[in-house]
Amino acid sequence: DTAVSQTPKYLVTQMGNDKSIKCEQNLGHDTMYWYKQDSKKFLKIMFSYNNKELIINETVPNRFSPKSPDKAHLNLHINSLELGDSAVYFCASTYNRGASPLHFGNGTRLTVT
Amino acid sequence: AQTVTQSQPEMSVQEAETVTLSCTYDTSESNYYLFWYKQPPSRQMILVIRQEAYKQQNATENRFSVNFQKAAKSFSLKISDSQLGDTAMYFCAFGETSGSRLTFGEGTQLTVNP
Numbered sequence: 003d004t005a006v007s008q009t010p011k012y013l014v015t016q017m018g019n020d021k022s023i024k025c026e027q028n029l030g031h032d033t034m035y036w037y038k039q040d041s042k043k044f045l046k047i048m049f050s051y052n053n054k055e056l057i058i059n060e061t062v063p064n065r066f067s068p069k070s071p072d073k074a075h076l077n078l079h080i081n082s083l084e085l086g087d088s089a090v091y092f093c094a095s096t097y098n099r100g101a102s103p104l105h106f107g108n109g110t111r112l113t114v115t
Numbered sequence: 005a006q007t008v009t010q011s012q013p014e015m016s017v018q019e020a021e022t023v024t025l026s027c028t029y030d031t032s033e034s035n036y037y038l039f040w041y042k043q044p045p046s047r048q049m050i051l052v053i054r055q056e057a058y059k060q061q062n063a064t065e066n067r068f069s070v071n072f073q074k075a076a077k078s079f080s081l082k083i084s085d086s087q088l089g090d091t092a093m094y095f096c097a098f099g100e101t102s103g104s105r106l107t108f109g110e111g112t113q114l115t116v117n118p
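For the record, the sequence lines run as chains B and D. So in the numbering used here, spot 103 of the first sequence is number 105, and the numbers just go up one at a time. So in the numbering used here, spot 18 of the second sequence is number 22, and the numbers just go up one at a time.
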């Protein structure tokens, strides 16, 4: 199936731990994103990569570090997790053209206890 | 920076009726793209419809249509013949042409009642 797939779907962990979320797309897109959806459902962009190059880096704590080994993959590593990091994290991809809509993964619900 | 505002946090409609969701945005750009996404309880983000700002004709996709008023910076979504499966959170989004950023509104939770 052609899609944006992210793993894991659910992630429950304790404060202070380090965790990673993986994302892969087989749509041939050249741009990938991480969005955070908070408890009020607000979607906020965190990072964007175009052909492995970081092009958008919002005001995000440096505990969050994206890594793009190739244009089909964009992983998100989070160090020293805090309660406020609990959210749903969405990976998305598109062609680097404004008309092209984002294709989203199914999200990873991160719960920090 | 662009901002997108959805002034209706919640709306409800009876099955088979028509409902309109509002969206306004603020930008200094002359060319851009606008989108409506739907997020059902499954949490999946699904593209509903998109509009290119340089096109005056309003986009339509089956039961979904938009009313794009460029001068007023308004982009409302009309859902005709509402179905139970339309129950979802609906997000309006603004897409830049000069970059890759997609900015979302706060969302409108739509409930279709039987």
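Because the hints were derived from the structure by calculation, they are not lab data. Hints may contain errors.
[Unchecked claim] Just a few of them, taken from the derived set where beta-carbon distance is under 8 angstroms, the chain B residues facing chain D: (1) Leu29; (2) Gly30; (3) Ser41; (4) Leu45; (5) Asn52; (6) Ile57; (7) Ile58; (8) Val62; (9) Pro63; (10) Phe66; (11) Ser88; (12) Leu104; (13) Phe106.
[To be verified] Keeping only pairs whose Cα atoms sit at most 25 angstroms apart, straight-line, the calculated PhoX-like set for lysine-lysine is: (14) D:Lys59 <-> B:Lys43; (15) B:Lys73 <-> B:Lys21; (16) B:Lys38 <-> B:Lys24; (17) B:Lys38 <-> D:Lys74; (18) B:Lys73 <-> B:Lys11; (19) B:Lys38 <-> B:Lys54; (20) B:Lys73 <-> B:Lys24; (21) B:Lys21 <-> B:Lys11; (22) B:Lys24 <-> D:Lys59; (23) B:Lys43 <-> B:Lys21; (24) B:Lys73 <-> B:Lys42; (25) B:Lys42 <-> D:Lys59.
Every residue gets a Cβ at the ideal spot worked out from N, C-alpha and C, and that includes glycine.
Hints versus structure:
1. Leu29: Result: violated, 13 angstroms to nearest chain D Cβ.
2. Gly30: violated, 16 angstroms
3. Ser41: Violated, because the Cβ-Cβ distance from Ser41 (chain B) to chain D comes to roughly 12 angstroms (cut-off 8 angstroms).
4. Leu45: Result: holds, 4 angstroms to nearest chain D Cβ.
5. Asn52: holds, 7 angstroms
6. Ile57: holds, 6 angstroms
7. Ile58: holds, 6 angstroms
8. Val62: Check failed: Cβ of Val62 (chain B) comes no nearer than 14 angstroms to chain D, outside 8 angstroms.
9. Pro63: Violated: closest Cβ of chain D sits about 20 angstroms from Pro63 (chain B), beyond 8 angstroms.
10. Phe66: violated, 18 angstroms
11. Ser88: Status violated, d = 15 angstroms.
12. Leu104: holds, 6 angstroms
13. Phe106: holds, 4 angstroms
14. D:Lys59 <-> B:Lys43: violated, 30 angstroms
15. B:Lys73 <-> B:Lys21: Within the cut-off at roughly 22 angstroms; holds.
16. B:Lys38 <-> B:Lys24: At roughly 14 angstroms apart (the allowed maximum being 25 angstroms), Lys24 (chain B) and Lys38 (chain B) satisfy the hint.
17. B:Lys38 <-> D:Lys74: Judged against 25 angstroms, a Cα distance of about 29 angstroms means the pair is violated.
18. B:Lys73 <-> B:Lys11: Holds - the C-alpha atoms of Lys11 (chain B) and Lys73 (chain B) are around 22 angstroms apart, at most 25 angstroms.
19. B:Lys38 <-> B:Lys54: holds, 20 angstroms
20. B:Lys73 <-> B:Lys24: Since the Cα atoms of Lys73 (chain B) and Lys24 (chain B) sit roughly 13 angstroms apart, the hinted pair holds (cutoff 25 angstroms).
21. B:Lys21 <-> B:Lys11: holds, 13 angstroms
22. B:Lys24 <-> D:Lys59: violated, 38 angstroms
23. B:Lys43 <-> B:Lys21: Status holds; Cα separation ~22 angstroms.
24. B:Lys73 <-> B:Lys42: This hinted pair is violated, its Cα atoms lying about 31 angstroms apart.
25. B:Lys42 <-> D:Lys59: violated, 33 angstroms
This entry does not satisfy hints 1, 2, 3, 8, 9, 10, 11, 14, 17, 22, 24 and 25, going by the numbered hints stated previously.
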